[in-house]
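Visitor: Chain by chain, the residues run as shown.
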Amino acid sequence: MSNEIQVEKVLDFKGLPCPMPVVKISQEINNVEVGQVVEVHTTDPGSLSDFPAWASTSGNEIVKTDQSDDVIKIYVKRLK
Amino acid sequence: MSAELEKQVLELQKKLEQMKPGASDKLSMIVFSGDLDKLLASLIIATGAVAMGLKVVMFFTFWGTSALRAPEKKVRGKNFMSKMFGFMLPKGTAKLKLSKMNMAGMGTAMMKSLMKKKNVASPEQMFEIAGQLGVQIYVCEMSMDLMGFKLEEMINYPNLKSCGVATFLAEAKDSKIQLFI
Chain F
0 MSNEIQVEKV LDFKGLPCPM PVVKISQEIN NVEVGQVVEV HTTDPGSLSD
50 FPAWASTSGN EIVKTDQSDD VIKIYVKRLK
Chain C
0 MSAELEKQVL ELQKKLEQMK PGASDKLSMI VFSGDLDKLL ASLIIATGAV
50 AMGLKVVMFF TFWGTSALRA PEKKVRGKNF MSKMFGFMLP KGTAKLKLSK
100 MNMAGMGTAM MKSLMKKKNV ASPEQMFEIA GQLGVQIYVC EMSMDLMGFK
150 LEEMINYPNL KSCGVATFLA EAKDSKIQLF I
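These protein sequence lines are chains F and C, in that order.
Quick note on numbering that gives the first Met the number 0: the first sequence kicks off at 0 and runs consecutively.
Quick note on numbering that gives the first Met the number 0: the second sequence kicks off at 0 and runs consecutively.
All clues given are correct.
Under the rule of at most 27 Å between Cα atoms (straight-line distance), these lysine-lysine pairs were calculated in the DSS-like manner:
#1 Lys111/C with Lys13/F
#2 Lys23/F with Lys111/C
#3 Lys76/F with Lys54/C
#4 Lys117/C with Lys23/F
#5 Lys72/F with Lys117/C
#6 Lys77/C with Lys160/C
#7 Lys116/C with Lys96/C
#8 Lys25/C with Lys76/F
#9 Lys116/C with Lys13/F
#10 Lys79/F with Lys54/C
#11 Lys117/C with Lys94/C
#12 Lys175/C with Lys23/F
#13 Lys23/F with Lys54/C
#14 Lys72/F with Lys116/C
#15 Lys76/F with Lys13/F
#16 Lys72/F with Lys115/C
#17 Lys13/F with Lys115/C
#18 Lys79/F with Lys25/C
#19 Lys79/F with Lys63/F
#20 Lys116/C with Lys23/F
#21 Lys117/C with Lys13/F
#22 Lys77/C with Lys90/C
#23 Lys37/C with Lys23/F
#24 Lys37/C with Lys13/F
#25 Lys160/C with Lys90/C
#26 Lys79/F with Lys175/C
#27 Lys23/F with Lys8/F
#28 Lys23/F with Lys115/C
#29 Lys25/C with Lys23/F
Everything labelled a hint here was simulated from the structure, so no lab data went into it.
From a predicted model like this one, the values you see are computed outputs, not experimental measurements.
With the hints as constraints, model all of the structure from the sequences given.
Guide: And the structure:
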């Protein structure tokens, strides 16, 4: 139970292709506080490499990715 | 003693000046091509770059200027050659063709229907997003002059300006990434 991620907000990016998932997360991340986590739902497999690339450039953190479902879930933590 | 110190401070300031990073987090892009596929690629890179925290400047030149023409706008007072060019060149993104597999328009039509099906944004929508994100767009003054285009017949884009090569070079010199598409 202790490793359960506290999600502040769920964002539905399903059906959006490149570059929209990254464009949207870069805007949406500013709507939560530093330290909070957003859960992104996407159907774009490119996001699996794009989100970590975006996070390392923008100084945020990908806490976890979950692709067990058709919908990919990416947990992003705002760091700054 | 104080004169000596002053000299040292000045020397240090000079050195610091030289140490200033030459390039900032900026992407300067030349859009030379008027092909649909290449325009789409450049707009995707531009919007993606903003998401990555880069400032983005796009320069539309030569065939690329056609992409910025607004289909609904008409400008009076053009000479014969300008009118001919205006007639022969695509007026707006809806008239652009693929660089490959156009097949008399069939390939382009197929690609457009696929893009719609797969929810890929059209160049028109991408321009809108780019505008909201603050991507700066310049149009090459000389290209417009050659083809008889005027700034008044270009799309409604925030802060759209015409410029010459020096504007691009000044931006490119200060950019970490420069692309020619």
